[in-house]
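> Fit chain C to the known structure of chain L by using the hints.
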Amino acid sequence: DQQVKQNSPSLSVQEGRISILNCDYTNSMFDYFLWYKKYPAEGPTFLISISSIKDKNEDGRFTVFLNKSAKHLSLHIVPSQPGDSAVYFCAAATYTDKLIFGTGTRLQVFP
Amino acid sequence: GAGVSQSPRYKVAKRGQDVALRCDPISGHVSLFWYQQALGQGPEFLTYFQNEAQLDKSGLPSDRFFAERPEGSVSTLKIQRTQQEDSAVYLCASSLASNVAGPSSGANVLTFGAGSRLTVL
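Residue numbers (this note's numbering), protein chains in the order written: chain L, 1 to 111; chain C, 1001 to 1121.
If you are wondering where the hints come from, they were derived from the structure by calculation, not from laboratory data.
Do not take every clue at face value.
Stated by the list, open to error - Derived pair list, reagent style DSS-like, types lysine-lysine, alpha-carbon separation capped at 27 Å:
# : chain 1 : residue 1 : chain 2 : residue 2
1 : L       : K37       : C       : K1014
2 : C       : K1057     : L       : K37
3 : L       : K37       : L       : K68
The structure displayed is predicted, hence computed values, not measured ones.
Bound-form chain C, shown alone:
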């Protein structure tokens, strides 16, 4: 598609429920990132995929968080047994290049989706 698509846009969960957030990156984009943005804060890194390989998951806050990208395109972020502190906007971003950052060129700039806003009651 033309951009990064995320669904659902809004999710309300009761504490203890499991949730799954989906990201459709731009077709052909090699790199995919998940970020968490709490209210009034900047996006914080969660995890990074290069194709189907999860190369960095150092930002996942606990073992309740799990991400996958089995075929190197669509990615799912799953949060088990949600807690109130999980309430945030979850942003997905993709880029054409295979390296994580790199010089600013069209290939390396991250394109973000609109995010999935999770509210845990």
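Looking at chain L on its own, in the form it has when it is part of the complex:
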């Protein structure tokens, strides 16, 4: 029973264009959603988060959108850069419980 799902294992985007990474969840009790980025041989690093009381959070080139009725969130990267090439994990939690991660989406940004 996977509570957080990332259905696209990989995504390839041209430099300068928009990257859109998607995530679906099943637990309506989640309060808190995050995106982590992972380079090879490194641990995941925190990228951006959103509380369930919001529908959008923006930080520079990164924007996360939350659609609670659809139990769906997405990460937009604009403009995409080659250094953004990494695996992106969506994660979710309630305020009193641990983070649950999706399976990840590998983003490749090509020149």
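Chain C alone, transformed into the frame defined by chain L:
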């Protein structure tokens, strides 16, 4: 230190051997988590400490897995009688806050180490 440090980075064990994986969290961080990441999967929760207290061990896959954090800083994850299905990257993460998740603020974001890659032959 500046980040979460894990050792060894790579460990090869023969099936049946015991292994111990170490995590040095960021100094002063109250919460410490262990996650297991199998190839092609996302990190899966194993266990959680608040200082020296192990508050949640619901993710430990069997009684061959044991974790401790006796003085509320360094933590060790021990796997006894390793099996091939134990092959994975074991990630340690710490955070300043005492609650498990919470609103996104500097105190509550988990900082991960680079992981220990265990291969069981």
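> Just to be careful, I want the Cα atoms of C/K1057 and L/K37 compared with a cutoff of 27 Å; is the pair within it?
Holds: C/K1057 and L/K37 sit about 26 Å apart, inside 27 Å.
> So if I understand the rule, the pair passes when the alpha-carbon distance is 27 Å or less; does L/K37 with L/K68 pass?
Given pair L/K37, L/K68 holds - Cα atoms ~23 Å apart, limit 27 Å.
> Is it true that the CA of L/K37 sits at most 27 Å from the CA of C/K1014?
The hint is violated at about 32 Å.
In this structure, only the earlier hint numbered 1 is contradicted, and the remaining ones agree with it.
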